[in-house]
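Protein chains in written order, with the UniProt record's numbering: chain A, 1 to 163; chain B, 1 to 284.
Hints are computed from structural coordinates only; laboratory data are not their basis.
Just so you know, these numbers come straight off a predicted model, no measurement behind them.
For glycine and all other residues, C-beta sits at the position ideal for the given N, C-alpha and C.
Warning: the hint list may mix true and false statements.
[Claimed, not checked] Pair by pair, the computed Cβ-Cβ distance ranges are:
id: 1; chain 1: B; residue 1: Lys19; chain 2: A; residue 2: Glu125; range: 46 to 52 Å
id: 2; chain 1: B; residue 1: Pro92; chain 2: A; residue 2: His5; range: 30 to 36 Å
id: 3; chain 1: B; residue 1: Gln100; chain 2: A; residue 2: Gly102; range: 30 to 36 Å
id: 4; chain 1: A; residue 1: Glu118; chain 2: B; residue 2: Thr69; range: 27 to 33 Å
id: 5; chain 1: B; residue 1: Ala173; chain 2: A; residue 2: Ala153; range: 40 to 46 Å
id: 6; chain 1: B; residue 1: Asp27; chain 2: A; residue 2: His97; range: 50 to 56 Å
id: 7; chain 1: B; residue 1: Thr235; chain 2: A; residue 2: Asn119; range: 38 to 44 Å
id: 8; chain 1: A; residue 1: Phe129; chain 2: B; residue 2: Met158; range: 32 to 38 Å
id: 9; chain 1: A; residue 1: Thr123; chain 2: B; residue 2: Lys19; range: 48 to 54 Å
What follows is each chain in one-letter form.
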Amino acid sequence: MSKMHIKMTVNGQKKELLSEPRQLLIHVLREELGLTGPHIGCETSHCGACTVEMNGKSVKSCTVFAAQADGAEVTTIEGLGNPDGLHVLQEMFKEHHGLQCGFCTPGMITRAHRLLQENPNPTEEEVRFGMAGNLCRCTGYQNIVKAILAAAAEMNSAKEAAQ
Amino acid sequence: MIPSAFEYHRPADVASAVKLLAELGDDARVLAGGHSLIPMMKLRMAELEHLVDLQAVAELKAISVEDGTVSLGAMVTQHDLIDSEELFRAAPILRETALQIADPQVRYMGTIGGNVANGDPGNDMPGLMQCLGATYVLEGPEGRREVAARDFYEAAYMTDRADDEILVQVRFAATTGGYAYEKQKRKIGDYATAAAAVLIEAEGGTVTRASIAMTNVSDTPVWSEAAADALTGTTCDDAALQAAVDAMLADIDPQEDNRGPIEFKRHLAGVILQRAIARAFQRA
Ligand SMILES: Cc1cc2nc3c(=O)[nH]c(=O)nc-3n(C[C@H](O)[C@H](O)[C@H](O)COP(=O)(O)OP(=O)(O)OC[C@H]3O[C@@H](n4cnc5c(N)ncnc54)[C@H](O)[C@@H]3O)c2cc1C
Ligand code: FES
Ligand code: FES
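Please model the entire structure based on the sequences and the hints provided.
Here is the structure:
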């Protein structure tokens, strides 16, 4: 089957590649573009470890074809922060023990990032509901929720200070 | 989990999409949000040679409320349904239902058209659309036609839609009165073990009109006219509730599966319907 020419903007950089349409976005990100932040947990659309942002939506990249992402803007955990400059969410996950093995964490943080953009001041219940597509086998979620609420507070006070 | 190979098409309007489906024949399928189709393709339960992706068809993304009629383009997502204040005012049961589908990631991608066209008895929107008395607009090579949601479902994955037709729009009257979508699931993100959609209008504490539909307790959604009739003219007292539940139970035909045996599902359908009626009546 013929390959397709695919253009995407990934973490702000323009990328072009040849891909079979049936290739899943998660495989393109990890194998073609070397972005191994998003993980493959279940590969059956349930765990959310593969969550990335596509055109302003949180998506499970194991359930999106590369072809569908042609022309899209994609953000992965690599686009949010790096070891020299952690994103507030990354800082707060570290501070509040929002991770243990860390497998779910890139998906958690990428999803939480979108959630806080849509709802900068969520209640605990709204955080739990908004994170329902991401599973964690280690933490029991308590500290993930704490970390996200702390990040929201941090981001809001930074915004206020800037005004 | 790699699906079999296919060729990808991204038409820009409905006419081109219909033309593609007609040309490509049986081997082609429409791709909307992909959140029912892609999992099936990954399991190789569906193998297709062509996918016709509707993501670029702008006319299918329109939401409108005009003269008391709600119209939803097929590519309106579950997230859009939840997000729209206009829709919440016109038919709040839409948001209540959409919030109980899957999880946020799935709701950003999953569309109303895909949910109602899929034909999976586990999908929540078909039951809701039967409750609302919605009309589906289909477009094929011969033009457009309309089908009532109550006549659309034939069996699991079998609907009145022909292979070369695209479901373009869902339309229904804005609602007044009380509403509830009550769903029992094993965990968040799961399909219903049983769910009930209920609309009730009341005057002076007496039910003047009702509509009731059930999800995932037969191989199609079940609109139970008899259950609604059992409520009409009553004050929704215990006797009326029981009569409505009995009437509904006569209309459903659940099968045993990993969500439980038949007896359990019948019991649960009754509990869920009673809760939905109570909430809808209280809001009426
Ligand atoms: C983890 C998970 C949990 C879920 N839980 C639920 C749940 O609780 N309740 C629920 O209702 N759904 C649930 N879903 C399914 C989800 O809501 C799907 O998105 C939805 O059923 C299909 O919509 P789609 O846009 O993704 O369609 P697709 O997957 O793209 O298409 C589904 C089918 O419909 C056809 N189709 C799509 N659009 C059209 C059209 N306009 N005209 C003609 N044919 C069309 C396709 O060809 C395909 O056969 C879940 C999905 C996942 C992955
Ligand atoms: S790997 Fe995509 S949802 Fe689990
Ligand atoms: S930290 Fe281990 S899965 Fe979440």
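Hint check results:
1. Lys19(B) with Glu125(A): 46 to 52 Å: Between Lys19(B) and Glu125(A), where Cβ atoms are some 48 Å apart, the hint holds.
2. Pro92(B) with His5(A): 30 to 36 Å: 45 Å, violated
3. Gln100(B) with Gly102(A): 30 to 36 Å: 31 Å Cβ-Cβ, so the 30 to 36 Å window holds.
4. Glu118(A) with Thr69(B): 27 to 33 Å: 29 Å, holds
5. Ala173(B) with Ala153(A): 40 to 46 Å: 44 Å, holds
6. Asp27(B) with His97(A): 50 to 56 Å: 52 Å, holds
7. Thr235(B) with Asn119(A): 38 to 44 Å: About 40 Å separates the Cβ atoms of Thr235(B) and Asn119(A), which means 38 to 44 Å holds.
8. Phe129(A) with Met158(B): 32 to 38 Å: 35 Å, holds
9. Thr123(A) with Lys19(B): 48 to 54 Å: 49 Å, holds
Of the numbered hints listed earlier, the single one contradicted by the structure is hint 2.
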